[in-house]
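Chemist: So the sequences go chain by chain: L and H.
Under the working numbering, the first sequence is numbered contiguously, ending at residue 513.
Under the working numbering, the second sequence is numbered contiguously, ending at residue 260.
In case anyone wonders, no lab produced these hints; they're calculated from the structure.
The beta carbon of each residue, even a glycine, is placed where N, CA and C say it ideally should be.
Any given hint could turn out to be false.
[As the list claims (entries may be wrong)] One-sided and incomplete, this derived list gives chain H residues near chain L with beta-carbon spacing under 10 angstroms:
1. D98
2. F148
3. F173
[As the list claims (entries may be wrong)] Chain H side only, calculated, beta carbon under 7 angstroms to chain L, not exhaustive:
4. K95
5. S102
6. A122
7. Y126
8. G128
9. D129
10. Y130
What follows is each chain in one-letter form.
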Amino acid sequence: MSKQKVALESLVSRQFAGKLLLRNEIQLEDKQFEQFLADGVLRPSPSIVKQLISAICQRCGNRKKYLFGRLPCKQCNQNHLYCRKCIEMGRVMECEPLYYWNGKEVVWPIIDQPCTWEGELTALQQRASDRIVSAITNKEKELLVWAVCGAGKTEMLFPGIAEALRSGMRVCLATPRADVVQELLPRIRNAFKNVNIQGLYGGSEEKTGNAQLIISTTHQLLRFKAAFHFLIIDEVDAFPFHNDPSLPYAAKRSLHSTQSTTIYLTATPRRNQQLRLWMKQLPHVFVPSRFHGHPLPVPILKTCTSLKKDIQYNRVPYSLLNWMRKRISPHRQLLIFVPTIELVEQLYKNSLVQLPQQKLLTSKDRIMCVHASDPERKEKVQLFRDKKIDILITTTILERGVTFPSVDVAIIDASHRVFDEAALVQIAGRAGRSPDDPKGEVVFFHNGKTNSMVHAIDAIKSMNKRGGFI
Amino acid sequence: MYCLWCHEEIITEVHWGNLIHLYRPKRLCMNCESQLIKIQGDLCSICSRVSSVKKCADCLKWEDYEESPIKFNASLYTYNSFMQEVVAKWKYRGDYQLAKIFQYEFEKEYSKKFSFLTKKKPVVVPIPLSKQRMTERGFNQAEVLADFIPLQKDHVLERLHGEKQAKKTRYERISTENPFILRKSINKTVILVDDIYTTGTTLRHAARLFKGNGCPNVYTYTLIRG
Ligand SMILES: [Zn+2]
Ligand SMILES: [Zn+2]
Ligand SMILES: [Zn+2]
Ligand SMILES: [Zn+2]
């Protein structure tokens, strides 16, 4: 091999090592691409494997017949299978292989002093963090970290990430939502100032994913194969990781080898038989209290029999108004969760009229509403964070991952099925996050107590008990 | 059966009333189906947009420039947010199977709106994609829709993808303004089929070509009225 070729190959190896890509995801001219194939440094592998009666998508692991489609392929003049399951990431077709790197193994740098964070961990955080470090050094396969909302789990991860980078490992922190990637990225960059870090999510500016430390959505793991020595999966209990078998499949494939370590993070293991069984088999460490040392706010239930009528007649629910008038700290910002987008918009409209009348809002631009398909979602959340608005009405999209220092939390129609136990625990966990204001009111307005509500409150109380508060 | 859109299982209760419909497989669950909204009410007699007057302001404006080359346009669904999501996945992500959602209603609406033409033996012409788009997507959504209509299809249009090319000669200028070329003239009634009628510019371009080359009447039929 010529010198030039070797140099090019090592440059490219970083780009493609650990990936599993479609041709159109590989930014190479046809000529160069063909050359790499001829040299055997890029290898094709079948994208859809057909078995006797079923097929398996090799990118997402889909084997459900109804999630495959057929398409008359113009290139081959044949009806071809394609995977409908992972089509949002680009269409995988039977006749188009996936490519993986087969050239030189990338040697990731050994970074002596990767962590530039100067904060201190609490004793509980330190215990969990030590456990994570030992999992890496002992090459343990899996560890579950159960930390209550507000335990400061991101900081707890720093020593583990540092240990991995010091050993020349490649690291990925995967979380279900793009918002959370965006929120984590600056924090991690700040804590690891001299490390090359990339954030990957649908629509992210950064697409190459060739950094040693990657913060990504769990979905982006579908494009990796044999990549990470240390993988952290945030919010394992959350949709979509919880419901979608393709994500555990991709997570497993993204591991560099059997020597790799996976850490699962959760604040709310569901009351799910499967997960509980799994937890019993899994070594785990529990962080029962918040980093500021105060207990989790316990939600208060308020029956609101007029709820349906209030909504029907375009009124802000009476009991919500009543509670707002008597809030202990009216200067706190207020997060109001509602079950549906329609209700978000309706409550917002009604609040615009009624709240100023009742002197519960100083001006109309101090209240906003947000939901998943709101194009200004990011800006509105930022305005709330900057305290430019007092009240934010939202669907469950803000249930986890986002932190505001000092808020009260209300759920309207907490009996609705979108508010399952985990969602309620997460939502309650938005309150009292700051050491300067560690309390916060959490109220569930409902018209009929549900099991989820009872279980959520029990779970919060029992975590407080384990944290030594009673 | 699973819903083609949300993948939930579809449970159909069998009773005498729906026995006959069971031969037609359900493509969407009730919830998803309820989000497909048909165009209803008073419509513009030319472009089928919802309008209280017979000719909408848009069509009147067009008339200042030319007599409409399109006799009338018929469309099936409104372009609500659900439809936008479905179309994005179908066209841009390339989820070919999703077309099945529309098959039955698209054919039914065709008979309703165009059966008066049957005697004239009209020709159905799908609006083509440029070669580049075609290779990217692997299929042309307009062609898929046209195939739902049980009539003779003729692929006589070609889409040039030279919009950005330097405009030199007069011929080139005209042909760059009109993105289509006609490979063969048709002297029968033509029904142009496309996925969406938005401003009507694209369909008018195509219709003008046919009219200028000996075609007596051009109608357009689209899945969606944007
Ligand atoms: Zn797939
Ligand atoms: Zn093919
Ligand atoms: Zn459905
Ligand atoms: Zn009109």
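Chemist: Next step is simple, just say for each hint if it's right about the structure.
Modeler: Here is how each hint holds up against the structure:
no.: 1; hint: D98; in the structure: 35 angstroms, violated
no.: 2; hint: F148; in the structure: 26 angstroms, violated
no.: 3; hint: F173; in the structure: 6 angstroms, holds
no.: 4; hint: K95; in the structure: 30 angstroms, violated
no.: 5; hint: S102; in the structure: 35 angstroms, violated
no.: 6; hint: A122; in the structure: 10 angstroms, violated
no.: 7; hint: Y126; in the structure: 10 angstroms, violated
no.: 8; hint: G128; in the structure: 5 angstroms, holds
no.: 9; hint: D129; in the structure: 5 angstroms, holds
no.: 10; hint: Y130; in the structure: 4 angstroms, holds
When the structure is compared with the earlier hints, violations turn up for hints 1, 2, 4, 5, 6, 7 and for no others.
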